Structure formats: structure tokens, C-alpha cells
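Peer 1: Construct the entire structure; sequences and hints are all you get.
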Amino acid sequence: MKVNDHHVSFYYENDHDYGRIEIDPAKTALLIIDMQHVFITRPVLEDPTAEELANAARWEQFYEAIDSTVIPNNQRILRFFRSKGMEVMFAKIQCRKKSGSDRSLDQKATGYNELLLPPGDPLAEIVPALAPQEDEIVITKTTDSALTGSNLRLTLFNMGIDTVVVTGVLTDQCVSGTVRSLADESFKVWLIEDACRAATAQIQENELEILNNIYCHVITTDELLEALGAE
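Quick note, the sequence shown lines up with residues 1 to 231 if you use our numbering.
Simulated from the structure, these hints should not be mistaken for lab results. Watch out, some of these pointers could steer you wrong.
Stated by the list, open to error - Calculated lysine-lysine pairs in the BS3-like style (CA-CA distance at most 27 angstroms, straight line):
1. K2 x K188
2. K97 x K27
3. K97 x K84
4. K27 x K108
5. K27 x K2
6. K98 x K108
7. K188 x K27
Unchecked claim - Distance windows between CB atoms, simulated:
8. D5 x Q133: 14 to 24 angstroms
9. E114 x A50: 14 to 24 angstroms
10. T49 x G160: 52 to 62 angstroms
11. I203 x P128: 22 to 32 angstroms
12. N151 x A50: 42 to 52 angstroms
13. T155 x Y63: 44 to 54 angstroms
14. V44 x G19: 43 to 53 angstroms
Values in this document were obtained by computation on a predicted structure and should not be read as measured data. Cβ atoms here follow ideal geometry from the backbone N, Cα and C, with glycine treated the same way.
Peer 2: Structure follows, in C-alpha cells:
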């Protein structure tokens, strides 16, 4: 069943059964995934090579989307959840061993996904614009899925949460992995399309279409806040 006409895949093109966006604040948590310096802060290049400059140019559209859309929308959602006393949680990637031996295989891979963020590394910190406040849970993981790599499922269960609003990066990697795990554990998942981001607009669109209506419902920040009764 669809709740809107966003990112409709082949499977749901002929589905004309629409439901409403209904979210119970008392049973809902916001989960912000991997909004860390290593992923969303432009790296400072000192005496860059031509190849480094070319690669920076490739990624500029991503950082522009993060700065202009993703962070502001996460801030809007955070302000609302906090103002209503709703649960706010964060997930971030950081290993516990300095060597990184506790990382999952995908974080030991070569290329872009090779990631070593040992304890104390400032690149692992969540950006100040979205910094966790006192009594907000921060899940540390060495996997893509925040459920697989932590006790998040048990934590949500203990808190009486059955619905999770998901934002963050990267849509096609850690966000997707978490959304799928949440769905498999029978949580209701709302993925906020303008508060998450993949490396490119094309990858973003592809992943949202794949996830929508199967593992979650993809909605906008405005739709979320309206459903929660924001004025």
C-alpha cells in the first residue's frame, strides 16, 4: 500500500490502494545515521594534485545537497522531536580497536568503503549542527546496518518503540542497510527523502525507488511534520 506517489517502483505502479501517513509520537523514534565529519564535511586539500581536484569536483554536488537540504531538514526534524519530547537517536561508525580489527568486512574493503575510524578520531564525530544532546542515545557500529552492529533492536523494544523515522547518509549504504534490517524486525519505517542523501542524485533516486513501499514509506520532511501535527 502506498501513501504517496513518490519514487514508485515497477512493483507498485498498478497499486491504487492508498493509506494515510499515520505516526504515533509515543511509539516513534528518530534515527539519524552517520552524519559525521568523515562523510559530510568537505575535506581540506593541501597542495592538491590534478586528480584530487577532479575528484573533489565530482563530489561537490553531494556536499552542496548536504549543506543546502539535508542538514537543514534534519535540523527541522530534530527541533520538532525535541520540542515534543519524542525519542531522538543517532548512529555512527567507529571501531573500538585502534587497529580496526573489529570492523565488518565491508569496512575493511579497498576503495571508498575502506574505513578506519578508531576511538578519538575527530572525523568520527557527528557534525555540530546535529550534535546529540544529553540523554539522546548514540549507537556506535562497525557495520552498515545500525541494527546488525549494535543492541539497537533491543533498545527500541525496551523503550516501547515500534516506528522509526530514518534520516542520514549514505542512502544506498548504511541508511538502506538499517531500513531493511528494521523492516525485517517488524518495525514501521519512514524514510525522509530530503533528509538523507546518496553520493549522486541518480543513486539516491534508484535506492529510494527500491526501498519505498516494501521496506519503508518514503516521505518528505514536510509530510512528516504535517503528520505529526506541526503547525
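Peer 1: The structure should be examined with respect to each hint, and the outcome stated for every one.
Peer 2: Status of each hint after checking the structure:
{"no.": "1", "hint": "K2 x K188", "result": "14 angstroms, holds"}
{"no.": "2", "hint": "K97 x K27", "result": "35 angstroms, violated"}
{"no.": "3", "hint": "K97 x K84", "result": "38 angstroms, violated"}
{"no.": "4", "hint": "K27 x K108", "result": "36 angstroms, violated"}
{"no.": "5", "hint": "K27 x K2", "result": "21 angstroms, holds"}
{"no.": "6", "hint": "K98 x K108", "result": "13 angstroms, holds"}
{"no.": "7", "hint": "K188 x K27", "result": "10 angstroms, holds"}
{"no.": "8", "hint": "D5 x Q133: 14 to 24 angstroms", "result": "36 angstroms, violated"}
{"no.": "9", "hint": "E114 x A50: 14 to 24 angstroms", "result": "23 angstroms, holds"}
{"no.": "10", "hint": "T49 x G160: 52 to 62 angstroms", "result": "53 angstroms, holds"}
{"no.": "11", "hint": "I203 x P128: 22 to 32 angstroms", "result": "27 angstroms, holds"}
{"no.": "12", "hint": "N151 x A50: 42 to 52 angstroms", "result": "46 angstroms, holds"}
{"no.": "13", "hint": "T155 x Y63: 44 to 54 angstroms", "result": "32 angstroms, violated"}
{"no.": "14", "hint": "V44 x G19: 43 to 53 angstroms", "result": "47 angstroms, holds"}
Comparing the model with each earlier hint shows violations of hints 2, 3, 4, 8 and 13; every other hint is respected.
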